[in-house]
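J.: Listed below are the residues making up each chain.
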Amino acid sequence: MRVYLTAARLSLRRHLAYRSSAAAGVATNTVFGFIRTFVLLALWRQKTVINGWDAADACTYSFLTQALIAPMGVFMTGTELGPRIRTGDVAVDLYRPVDFQSWWLALDAGRAVGSGMLRSLPPVLVGALFFPMALPLSPLRWAAFLLCCLVGYLVSFSLRYLISLVAFWTMDERGMAAITFAVGFFCSGMILPLTAMPPRLDSVLQLTPWAAVIQIPASVLFGTQSGGLAYALAFGLAWALLLLGAGRLLTGAARRKVVVQGG
Amino acid sequence: MTALPSQPLPDRAEPPTNPPTDPVILAEGLTKVFSSRARAGRLRRERVDFTAVDAIDLRVAPGELVGYIGPNGAGKSTTIKMLTGILTPSSGTLRVAGYDPQRDRVKLARRIGVVFGQRTTLWWDLPLRDSFTLLQRLYRIPPARFAENLAFYTEALDLGPFLDRPVRQLSLGQRMRGDITAALLHDPAVVYLDEPTIGLDVVSKHAVREFLRDLNLRTGTTILLTTHDVDDIERLCSRVVAIDHGRVTYDGSLEALRAERDLETVVRELYSRQGV
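Protein chains in written order, with my numbering: chain A, 1 to 263; chain B, 1001 to 1276.
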């Protein structure tokens, strides 16, 4: 267990060192927060309340989810494992006396915490200066939100780990990542909150794993999640276990038939 | 760098007095076939098999320093990947340090060290020292032993000046010394060195060789070394195993190999021999 904690800690420290990269990320996330907020406000002008959310909720959702992009890995760009498979450096990781999946979870978790520390607060603060915000004050609500984020992160990691593993067969994970980026962005509620989608589409999209990554934590924070925290956690954990299990099976298959690239 | 008198190494391949010991590396009929699909017409694809390692037999006794040589693409790296448990052999039996590398991969990993000359086993963005800390946890090295080993290698390989620098800032020679330390901190019984002197300047090559020889003599660590550098073989190896097209073309002592002519000619001949 200690090896994974050390790996996560060193990974965190490494990501905290990339200050200018984080600053650039913050700027991008904030600017896109404005764009998304204006789009949502145009929608909310047609109807003052959509599925229990008013315009202030929509603004809050927009900047809050911008803040979650980096730590939650919403772009589904895989993990740092993909490039290592592509170059063959994965050979080094494969012979280590550790569990492969847990090892990558530890490294990615360090990255996520670092991103959260550097990149999550500024977009929300800047957004609050220009738009009405409706963040709850109840600490319980925030605790529930953070718990859902943790579960959502596990879902996101297990998806991205699977995407990275694809590189063992296709030699490059980027094609797969391009597809899952488009699907994931839509399904997680980054384009439009799932709750603002037509009801039938919403009810389908609420079942994909991506719902647990963005929409459900936000709904829990706003107190509008149907089924409440218990449902949110059960839903997310079920997906996380399923996808982590799939990742485990695929890791085993990769081990048996991999071709490590390069001499 | 502790220099040792350059006396010829005792031939460890066949120890004259010692009782026969169990080989630390034992391969029998070790084979690896890679399959790929090649275009065979407009739509049809055909399975093409390529035998990278073809029924290799290899026995290495504890404490041997074996040079594993052969031209590019001969199957050296593939063999080493199987010996570390990364690649699953297509057929044949394999035991390293008493373990089946595929089945007991994790247990075996704690007993072996690997240096891939062309890639680093260190973490690119971390200071060298942090890479070592991570290795301590990975291999569960007791703190006292870790401190002792780190102090020894820092001295022996002169790591002091760059121990706190990120690996990406190190020169190739410094990185290689870091990589060698990384492969040895957990006192492995077997070390695979895959072209450890590649790209190094003359002085660094010399330093690495002296160090490896000293390690082998001092600790009895078994070393399997792949290289294209004739000097590496000449200065280090008591025994040479040559492969080409996945087959062993020579296995014997260095002395026998260069009994008649100089080593470079012999190696050139081994390399240019057509596969059987």
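Simulated from the structure, these hints should not be mistaken for lab results.
Treat the hints with care, as some may be off.
Within a straight-line C-alpha distance of at most 25 angstroms, the following computed SDA-like cross-link-like pairs (lysine to any residue) qualify [said to hold, decoys possible]:
# : chain 1 : residue 1 : chain 2 : residue 2
1 : A       : 257       : B       : 1103
2 : B       : 1205      : B       : 1118
3 : B       : 1205      : B       : 1107
4 : A       : 257       : B       : 1119
5 : A       : 257       : B       : 1218
6 : B       : 1107      : A       : 251
J.: Give a verdict on every hint.
T.: Here's how the hints hold up against the structure:
1. A:257 x B:1103: The given pair, whose Cα atoms are some 14 angstroms apart, holds under the 25 angstroms limit.
2. B:1205 x B:1118: Holds - the C-alpha atoms of residue 1118 of chain B and residue 1205 of chain B are around 15 angstroms apart, at most 25 angstroms.
3. B:1205 x B:1107: violated (32 angstroms)
4. A:257 x B:1119: holds (22 angstroms)
5. A:257 x B:1218: violated (39 angstroms)
6. B:1107 x A:251: holds (18 angstroms)
Taken one by one, the earlier hints fail for this structure at numbers 3, 5, listed in ascending order.
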